[in-house]
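Asker: What follows is each chain in one-letter form.
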Amino acid sequence: MPSPIVELRNIHKSYLIGPRRLEVLKGVSLTIHRGDYVAIMGPSGSGKSSLLNILGLLDVLDAGQYMLDGEDVSRLEDVELARHRNTKIGFVFQTFNLFPQYDVLGNIEVPMVYHSRPRHERPDRARELAERVGLGQRFDHKPNQLSGGEMQRTAIARALANDPQIILADEPTGNLDEKTGKGILTIFDELVDNGRTVIFVTHAPEYRKHVKRVMTIHDGMLLC
Amino acid sequence: MLNVYQTIRTALLDLSLHKVRTGMAALGVMFGVASVVSMLAISEGAKRESLSRIKSMGVDNIIVRSVQPAGTTPTANSETESVPYQAYGLKARDLHHVTKTFANVRRTAGVRSKRYKLSTLQDKSISVPVIATEHDYLAVTRTTILRGRFLQPLDGAEHRRVCVLGRNAVRTLFAFTDPLRQRLLIGGQWFRVVGIVENKAELTAVGSDDLINDHVFIPLNTARVIFGDVQPAQNGTGLIHVEIDAAIIQALSENHVMPLKNRLSNYLLHTHPKKDYEIVVPLALLRQKESTQKMFTIVMSAIAGISLLVGGIGIMNIMLANVSERRKEIGMRRALGACRRDILLQFLVEAMTLTGLGGLIGIGMGFAVAYTVNTYARMPVTIPLWSVVLGLGVSVAVGMVFGLWPAHTAAAVNPIDALRSE
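The listed protein sequences correspond, in order, to chains A and B. Just so we're aligned: 107 in this note's numbering is position 124 of the first sequence, and the numbers increase by one with no gaps anywhere. Just so we're aligned: 356 in this note's numbering is position 355 of the second sequence, and the numbers increase by one with no gaps anywhere.
Think of the hints as simulated: they come from the structure by calculation, not from any bench. Check each hint, because a few of them may be wrong.
Away from chain B, derived, C-beta distances all over 10 Å, residues of chain A [stated by the list, open to error]:
hint, residue
1, -14
2, -5
3, 6
4, 19
5, 58
6, 115
7, 172
Here are the computed lysine-lysine pairs in the BS3-like style, where the Cα-Cα straight-line distance is at most 30 Å [stated by the list, open to error]:
hint, chain 1, residue 1, chain 2, residue 2
8, A, 165, B, 329
9, B, 118, B, 101
10, B, 48, B, 295
11, B, 201, B, 115
12, B, 329, A, 162
13, B, 48, B, 262
14, B, 115, B, 275
15, B, 92, B, 118
16, B, 329, A, 125
17, A, 9, B, 329
18, B, 20, B, 56
19, B, 20, A, 125
20, B, 56, B, 295
21, B, 20, B, 262
22, B, 290, B, 48
C-beta: ideal position from N, C-alpha, C; glycine also.
With the hints as constraints, model all of the structure from the sequences given.
Answerer: Quick look at the structure:
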């Protein structure tokens, strides 16, 4: 058995809301292996988003331990966290979050800039990724000239820019119609087939048909 | 890592999100830099012109001019003569006394200048400025001999009719013949050309509006003997008697100028009670000019500083607006691998690009203003290279200083909140 790519041990996280401390994660433990296809499901307010933020190294945990690819990332500095986000994790959001001032290739190149990939390699790599997610030849379009599906395909290509092991997708089809959403989910299926680990955070039941494992979070605790 | 060109190109792309608003914000810096460049151009131009005029008199020289005493005119002595007549100004014996007895004097030259109709043997007849002077004129004005010789002491002592031509006078008088040993008709008398001189600094001659190079030089004593000291008054009523129009007195060094000036004015106060002279000290003028120039520069810098401050606040304002509007972008960049420093640098570079660009346009506007002033107000302008460098440097610095706080705000944005916000 290879070492798990993600291992959370007894994670606690609380937020101060006004004078009150609200405990959002109450001792979450989970293990995700390489090539896993996981959906973390739960109603809003269940601590789903907080878990996503911690998994994506956007937030630091109060107590517990987070092992990412065999490395303890529980207590790292800003620069180290940024480096891990840049190379090990790819984010896909419900609202795409593309940069309106850049065209498709420019958007895909952003993570490469922070990875200091040699400049001359970037356009070729971006073009290759755009083709892989089925963007055809719409390389020089700005986001406002793209359809929703095309925007999400761009966002997926951007998430893949530095070839990360893990793709974290937050409700990736939430803003798309059913047919387009299916197309997007197919891309994730292919990514898993190619050995990547995909983690969905969602409350939509249609993901169940695609993933291998479903974890349900309720009131800050994981029910498996 | 990131090269400058790429960084600036990205910054321009990011700024292009709000072209109009960003352009308006840069206006302040633009006008600030334009005023810096154009004001410097005008003041440098004025400075250069007045300084070169002062320096042309020589900083180690003192110039004494003969002037008609204030409020007097030639008057007729009713008993002896009927023609109005007035004698005033420096005498040859004054200059002689100064040259022989004053300790701080290196050399002196008396000067009389007048325009004459000149004729060559080729029958050319042109009005040319003529200076009657002495041997040491060459040294006090730092003029050099091109050919032949300059006036010698003996030329004056023996009242020889010889003349020396300035470089430009050669061109006007002898276009096609070798001027040396040619004869020249000055004021009805034939003079022989013995030399050609050149003033490399292109100075204006004392007591004249023309360059030294434009003049013809004759011995002072010869002129006094041939033409006499009496001539019609400028306004046409009567005669005036002036021995020397001006004297150039060279001190031993710059340090001797002020003691010499004091002794000279003391001497002239007693020998010329009618105040028929004027002492000009180029060194003092230079010092005075430099100190007023310094004041002017300080005032101008303050004005330019205020306009740049206002421009900088405008930049800070627009960058803060940018940051709060682009929180989502900042959050996404953080998610994609930017650390806080990357975000800080991004917004700092954007601010500096914005003000640098404003500065470049401002420099162009400054050139336009300077050119307009030069063409329509006929004022001399000089745009020194350092003012362009200063303009650009200051505008980029304004971007850096006033962009720092917004950039800090951007770096402090919490990516989780930013990504969640709709």
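Asker: Take the hints in turn and mark each one as holding or not.
Answerer: The hints, checked one at a time:
1. With a least beta-carbon separation of about 24 Å from chain B, residue -14 of chain A lies farther than 10 Å from that chain, consistent with its non-interface assignment.
2. For residue -5 of chain A, the non-interface assignment is confirmed: its Cβ lies about 17 Å from the closest Cβ of chain B, beyond the 10 Å cut-off.
3. Non-interface status of residue 6 of chain A relative to chain B is upheld: no Cβ of that chain comes within 10 Å, the nearest being about 17 Å off.
4. Every beta carbon of chain B lies more than 10 Å from that of residue 19 of chain A, the smallest distance being close to 21 Å; the non-interface claim holds.
5. Consistency note on residue 58 of chain A: stated as away from chain B, and its beta-carbon is indeed over 10 Å from all of that chain's, at 16 Å minimum.
6. For residue 115 of chain A, the non-interface assignment is confirmed: its Cβ lies about 18 Å from the closest Cβ of chain B, beyond the 10 Å cut-off.
7. Remark: the non-interface label on residue 172 of chain A is consistent with the geometry, its nearest Cβ contact in chain B lying 23 Å away (cut-off 10 Å).
8. Restraint check for residue 165 of chain A and residue 329 of chain B: the C-alpha separation of about 27 Å stays at or below 30 Å, so the hint holds.
9. Only pairs whose Cα atoms come within 30 Å are accepted, and residue 118 of chain B paired with residue 101 of chain B is rejected, the gap being roughly 36 Å.
10. Between the alpha carbons of residue 48 of chain B and residue 295 of chain B the distance comes to roughly 10 Å, so the proposed pair stays at or under 30 Å and holds.
11. For the hint linking residue 201 of chain B to residue 115 of chain B, the alpha-carbon distance of about 23 Å falls within 30 Å, and the restraint holds.
12. Note on residue 329 of chain B and residue 162 of chain A: the hinted pairing holds, with a Cα-Cα distance of about 28 Å set against a maximum of 30 Å.
13. Taken as a hint, the residue 48 of chain B and residue 262 of chain B pair is honoured in the structure, with Cα atoms around 25 Å apart against an allowance of 30 Å.
14. Restraint check for residue 115 of chain B and residue 275 of chain B: the C-alpha separation of about 25 Å stays at or below 30 Å, so the hint holds.
15. This hinted pair checks out: residue 92 of chain B and residue 118 of chain B have alpha carbons roughly 27 Å apart, not beyond 30 Å.
16. A hinted pair counts as satisfied when its Cα atoms are at most 30 Å apart, and residue 329 of chain B with residue 125 of chain A qualifies at roughly 17 Å.
17. Of the supplied pair hints, the one linking residue 9 of chain A and residue 329 of chain B holds, its CA atoms being roughly 29 Å apart against a limit of 30 Å.
18. Distance check on the hinted pair: residue 20 of chain B and residue 56 of chain B sit about 51 Å apart at the alpha-carbon level, beyond 30 Å; violated.
19. Of the supplied pair hints, the one linking residue 20 of chain B and residue 125 of chain A holds, its CA atoms being roughly 17 Å apart against a limit of 30 Å.
20. For the hint linking residue 56 of chain B to residue 295 of chain B, the alpha-carbon distance of about 18 Å falls within 30 Å, and the restraint holds.
21. Taken as a hint, the residue 20 of chain B and residue 262 of chain B pair is broken in the structure, with Cα atoms around 65 Å apart against an allowance of 30 Å.
22. At roughly 8 Å between alpha-carbon atoms, residue 290 of chain B and residue 48 of chain B fall within 30 Å of each other, so this suggested pair holds.
When the structure is compared with the earlier hints, violations turn up for hints 9, 18, 21 and for no others.
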